[in-house]
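Undergrad: Produce the complete structure using the sequences and hints provided.
According to my numbering, the sequence shown is numbered sequentially starting from 11.
Worth flagging that the hints you see were computed from the coordinates, not collected in a lab.
A virtual CB, placed ideally from N, CA and C, is assigned to each residue, including glycine.
There may be inaccurate statements among the hints.
Stated by the list, open to error - Computed spacing ranges between beta-carbons, pair by pair: (1) Ala204 - Glu73: 29 to 37 angstroms; (2) Asn521 - Lys180: 19 to 27 angstroms; (3) Asn510 - Ala204: 26 to 34 angstroms; (4) Leu52 - Gly508: 19 to 27 angstroms; (5) Lys398 - Arg331: 12 to 20 angstroms; (6) Ala388 - Lys540: 44 to 52 angstroms.
As the list claims (entries may be wrong) - With a straight-line Cα cutoff of 30 angstroms, these simulated DSS-like cross-link-like pairs (lysine-lysine) come out: (7) Lys374 - Lys291; (8) Lys472 - Lys439; (9) Lys409 - Lys439; (10) Lys218 - Lys332; (11) Lys153 - Lys477; (12) Lys472 - Lys540; (13) Lys120 - Lys91; (14) Lys493 - Lys517; (15) Lys505 - Lys532; (16) Lys532 - Lys439; (17) Lys82 - Lys505; (18) Lys332 - Lys313; (19) Lys228 - Lys272; (20) Lys391 - Lys324; (21) Lys439 - Lys120; (22) Lys273 - Lys324; (23) Lys398 - Lys332; (24) Lys439 - Lys505; (25) Lys228 - Lys391; (26) Lys398 - Lys374; (27) Lys228 - Lys96; (28) Lys409 - Lys332; (29) Lys273 - Lys410; (30) Lys82 - Lys471; (31) Lys369 - Lys218; (32) Lys273 - Lys319.
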Amino acid sequence: MFSTMAFSPTPISSFSFTNPTLPRRISSVPSAVNSKGVAKDLIFNHDGSATKKLLAGVDMVAELVGVTLGPKGRNVVLQNKYGPPKIVNDGETVLKQIELEDPVENVGVKLVRQAGAKTNDLAGDGSTTAVILAHGLITEGVKVTAAGLNPIQIARGIEKTAAALVSELKLISREIEDHELAHVAAVSAGNDYAVGNMIYDALLQVGKKGVVTIEQGKCTENNLQIVEGMQFDRGYLSPYFVTDRRRRIVEFQNCKLLLVDKKITNPKEMFKLLDNAVQEKYPMVIVAEGIEQEALAPVIRNKLRGVLKAAAIKAPAFGERKSHYLDDIAILTGGTVVRDEMGIILEDAGKEVLGTATKVVITKDSTLIVTDGSTREAVEKRVSQIRKLVENTEEEFQKKILNERIARLSGGVAILQVGAQTQVELKDKQLRIEDALNATKAAIEEGVVVGGGCSLLRLSKKVDGIKELLDNEEQKIGAEIFKRALSYPVKLISKNAGVNGNVVVEKILSNDNMGYGYNAAKDCYEDLMKAGIMDPSKSTLRKHSPFQEECHQNCPISQEECHQNCPIFQEECHQTCAISQEEGQHQCPCPCQTQVLDHLAFRWQMMAVLMQPTKP
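TA: Dropping the structure here:
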């Protein structure tokens, strides 16, 4: 068994393919050697040296990322070539920076990096736990395969155990209550209850499905700002519109809004509406796809003369999203969007197309619209229509856009402004708050389980029952490997707190109370659920789509990278991987599982194939 690698320093065994006829002798790898004759390194596992190097890479990742786990986890300093260094406690950020000099060890890094990255992408948190579990599977697996057991059967046992534990985890998960949101956020932020309470206050005001954003603040303390109404990232087109010179903003009370779904090129098109605004003495805000300088100049001139109170901004978003955005603003303000397709011509439009707002605040890069609530029924009807669109939409990005529209119309927006003394501190706090916010949203979506690694440890008690359903003894050994790996997170949390992990595991399992566990922050044993130590179910175990079009994005090693990074060649994949070509038509040769624990099972499976000693 051997693998191809696009590296050249200090290989175990290497051959330079410079003869154009030589690749024909290894026809089982059609794309491993390209026509340009790029040298490849062939790493043989005769004496298990390749496995040892891969395991060394995995150990390196687990040791570096593992120090951040738990309430007493340490920070990691990352070098930054183009700015100040980063001091972070975020496992996913650390994972991205790991690159080892030895190419074989670096393959081991890549095998577990995807487990953490995929968990973070889907759940927003939990990358460190995913890496520690992967490390546990590989470490325990190496011990048994060294005795000569079949690694492929062991890998299948691990996969079946992972699938069964998914159902078990769902049974012990429960919905989160409102007052527990602060606990989930605080635990994810490293037991920082100031952050947890701020996120709880934000969700309390905008709703559980409201939009909460994070941005850099202008002071040294964290602040929460709730925007009532609608806010979008578009500022005034000219600083001449400014009404408050000190704050450099435009602020109008009881103004009208002109919504135009096209570019305004001729100033004569707006004369009728602007003249009406002058006569009745109300301010006007023009929201259009764009306004040419020729059309904008008369508006600015009359504003500077004091004849007209007006401002112009560019419509938010682009294309179809821009049209939807204008429709939402029209519903909120009671106006009508001027569109040629609808038979409404700007030059002939009257006062009836204008929307109304009690207050409009425009800065150089954002606009806030506040209404008096008179259009509430129309807004609620619009929101219900958009919710039906969400239910009928499968694409995640489109769902996100539709949910943002719902939040803009109904719940407002909460802005968490992160403050710090230095740029280094700001980056660290921002990453912690992002993790806390993602964990809270995950808990709202799929519920919570006992934190502190105890939920995974409790699952290990279910493995003995799962063993009885497996096909052979080697698969049962795979289940036993998974059982041991499930205790790794608790042991590491305890180690970071300065306590013997084996003692902690034994004491937790001796108590039948499902909520009982070790509180590393207070160094005591108690009911963790009552103490507020809980984790989102989603970050503990998360499904993702296995559809054909997502295979190359979700599969840990894509088809294009297989010959360079995968230790198994394409032809051998169909014999060794859990998903064969017949079972998964046109999928990449490496298995693309649907659960995070299955990502970890796959990691071990790849290692298992490498652990098979090759015959000289």
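Undergrad: Hey, Lys391 versus Lys324, does the alpha-carbon distance stay inside 30 angstroms?
TA: Answer holds: Lys391 to Lys324 is near 27 angstroms, not above 30 angstroms.
Undergrad: Between the beta carbons of Asn510 and Ala204, is the distance compatible with 26 to 34 angstroms?
TA: holds (32 angstroms)
Undergrad: Does the alpha-carbon distance linking Lys532 and Lys439 stay inside the 30 angstroms limit?
TA: holds (23 angstroms)
Undergrad: Going straight from one Cα to the other, do Lys409 and Lys332 come out at no more than 30 angstroms?
TA: holds (16 angstroms)
Undergrad: Measure nothing beyond the straight line between the CA atoms of Lys505 and Lys532; if it is 30 angstroms or shorter, mark the hint as holding.
TA: holds (14 angstroms)
Undergrad: Check the hint pairing Lys228 with Lys391 against an upper bound of 30 angstroms on the C-alpha distance.
TA: With Cα atoms ~38 angstroms apart, Lys228 and Lys391 exceed 30 angstroms; violated.
Undergrad: Is the straight-line distance between the alpha-carbon of Lys439 and that of Lys505 30 angstroms or less?
TA: holds (25 angstroms)
Undergrad: Take a look at whether the Cβ-Cβ distance between Ala388 and Lys540 falls inside 44 to 52 angstroms.
TA: At roughly 45 angstroms between Cβ atoms, Lys540 and Ala388 fall inside 44 to 52 angstroms, so the hint holds.
Undergrad: Regarding the pair Lys374 and Lys291, is the alpha-carbon distance no greater than 30 angstroms?
TA: At roughly 25 angstroms apart (the allowed maximum being 30 angstroms), Lys291 and Lys374 satisfy the hint.
Undergrad: Next pair to validate is Lys82 with Lys505; report whether the Cα-Cα distance is within 30 angstroms.
TA: holds (9 angstroms)
Undergrad: Does Lys471 lie within 30 angstroms of Lys82 when you go C-alpha to C-alpha?
TA: holds (27 angstroms)
Undergrad: With a cut-off of 30 angstroms on the C-alpha distance, tell me whether Lys472 and Lys439 pass.
TA: violated (38 angstroms)
When the structure is compared with the earlier hints, violations turn up for hints 4, 8, 19, 25 and 26 and for no others.
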